[in-house]
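Visitor: In order, the protein sequence lines correspond to chains L and Y. The first sequence begins at 248 in my numbering and counts up one residue at a time. The second sequence begins at 248 in my numbering and counts up one residue at a time.
These are computed hints drawn from the structure, not numbers from a lab. What you are looking at is a predicted structure, and each value in this text was computed from that prediction instead of being measured. We treat Cβ as the ideally placed atom computed from N, Cα and C, and that holds for glycine. Among the hints, a few may not be true.
Examples of chain Y residues toward chain L, derived with CB under 10 Å [unchecked claim]:
#1 302
#2 330
#3 365
#4 393
#5 433
#6 434
#7 448
#8 452
#9 454
#10 455
#11 458
#12 459
#13 465
#14 466
#15 468
#16 469
There are 2 protein chains.
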Amino acid sequence: MARTIAILGGTGPEGLGLANRLARAGERIVIGSRDAQRAQDAAKKLRDEIGGSAQVDGAANSTAAAQCEIALLTIPFSGMAGLLKELKTVWKPGTVVIDTTVPLATAVGGAPSKMLGVWQGSAAEAARELLPKEVSLAAAFHNLSASLLEGDATVECDVLVCSDDEKAKQTASELANKIPGVRAINGGKLENARIVESMTALLIGLNIRHKVHSAGIRFTGLPIS
Amino acid sequence: MARTIAILGGTGPEGLGLANRLARAGERIVIGSRDAQRAQDAAKKLRDEIGGSAQVDGAANSTAAAQCEIALLTIPFSGMAGLLKELKTVWKPGTVVIDTTVPLATAVGGAPSKMLGVWQGSAAEAARELLPKEVSLAAAFHNLSASLLEGDATVECDVLVCSDDEKAKQTASELANKIPGVRAINGGKLENARIVESMTALLIGLNIRHKVHSAGIRFTGLPIS
Chain L
248 MARTIAILGG TGPEGLGLAN RLARAGERIV IGSRDAQRAQ DAAKKLRDEI
298 GGSAQVDGAA NSTAAAQCEI ALLTIPFSGM AGLLKELKTV WKPGTVVIDT
348 TVPLATAVGG APSKMLGVWQ GSAAEAAREL LPKEVSLAAA FHNLSASLLE
398 GDATVECDVL VCSDDEKAKQ TASELANKIP GVRAINGGKL ENARIVESMT
448 ALLIGLNIRH KVHSAGIRFT GLPIS
Chain Y
248 MARTIAILGG TGPEGLGLAN RLARAGERIV IGSRDAQRAQ DAAKKLRDEI
298 GGSAQVDGAA NSTAAAQCEI ALLTIPFSGM AGLLKELKTV WKPGTVVIDT
348 TVPLATAVGG APSKMLGVWQ GSAAEAAREL LPKEVSLAAA FHNLSASLLE
398 GDATVECDVL VCSDDEKAKQ TASELANKIP GVRAINGGKL ENARIVESMT
448 ALLIGLNIRH KVHSAGIRFT GLPIS
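Isolated chain L (complex conformation):
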């Protein structure tokens, strides 16, 4: 049976965008939400948009987490700790969790172009503390604007993948490379998510100043195609 990718907190724009792109790449997707009905409605809408043989279902976050091999965390930072505590005993051992969370100041009513200080250093390192040891973790996809993930156009952006776990890093890189135009780049250890997460706040600032939703990043000068 094909692997299942859960997109937890997946009814927001970033989650729906990643669900869209990964479903178009042929992956089996379960959108997770606090409200199972909301997730199912979002899944149906996405299936209708993509058409063809798109495999997108919806479920409560805990149901989606229990049945997946890979889970993407696409919840706001303010909801991350609560969700991960709820899911503590739900995961199958060996599940790869990919954190996309950015600790934007919006979590406490601040500006989206500013960051919160997180004691552990980053949302990803905070997630690592809250996940059981049997689950692998990578941090990725932070710098892809949700609006670029709609539809099927080429995305002119690189995705930095940070992890202390080789399997998780490879899985996240493989998924990133499935989005047309996207290039996965080894971002080093999980702690480097401190920098990668903050780059999202910078991109949001560029979007605001230029009145667009499309700012992204490419790295130059690397010996990779």
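Starting from the known structure of chain L, fit chain Y onto it as the hints suggest.
Guide: Okay, now just chain Y, sitting in the frame of chain L:
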């Protein structure tokens, strides 16, 4: 008389690289160093390399700072506070200072791909505290690798310029745009240097992992050429 640009702490690779590029663009450069003779030797070497009518001189940091209209700070972070205290009463009112400093962990013996926490938030904000009010400050050039600044080849990188002072932001942007290939991008307020500085540590990590010295950043999806 043409304006003078001082490159303070300019005998290191980043300072020499910026001196090289700005001299090639026709600017009048004074390389500053703790040791005036060392600065003069570096200036002569650069004049010989560039040839033609390159205007590059050398002087002690305080002499260079006193005679310039624009100063680039290219010292290691560990030397920044000492230098700025020394220069406190030296600046001409209206001087534009452009800080390129990155608080890398190397300042305390750590890895160049890691950052120090700076109480003020960034090296640039620390510099602001140490500079007199009559001096304008922008932060820029952090993400240009020194090795890319040698010679005269096109540089495939963007330069984020952060400042709370419109004159300083315009001056730094103008200088960045003089380097072939470089595109200056408005990075917002000076406090955003927190993010831009940390991106240098990320680029150093990419260089180390890929065994190159050429990693850089381009922004995509912005309505500018």
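Visitor: Each hint needs a verdict: does it hold in this structure or not?
Guide: Going down the list of hints, with the structure as the test:
1. 302: violated (30 Å)
2. 330: Result: violated, 27 Å to nearest chain L Cβ.
3. 365: violated (13 Å)
4. 393: Result: violated, 13 Å to nearest chain L Cβ.
5. 433: This hint holds: residue 433(Y) lies near chain L, its Cβ roughly 6 Å from the closest one there, short of 10 Å.
6. 434: This interface hint holds because 7 Å falls under the 10 Å limit.
7. 448: With Cβ-Cβ at 6 Å, under 10 Å, it holds.
8. 452: holds (5 Å)
9. 454: holds (8 Å)
10. 455: holds (9 Å)
11. 458: Cβ of residue 458(Y) sits 8 Å from chain L, so the hint holds.
12. 459: holds (6 Å)
13. 465: Holds - the Cβ of residue 465(Y) comes within 10 Å of chain L, reaching about 5 Å at its closest.
14. 466: Result: holds, 6 Å to nearest chain L Cβ.
15. 468: At about 3 Å, which falls below the 10 Å cut-off, the nearest Cβ of chain L leaves the hint on residue 468(Y) intact, so it holds.
16. 469: The hint holds - residue 469(Y) has a Cβ within 10 Å of chain L, the shortest such distance being about 5 Å.
The structure fails to meet hints 1, 2, 3 and 4 from the earlier list, while all remaining hints are met.
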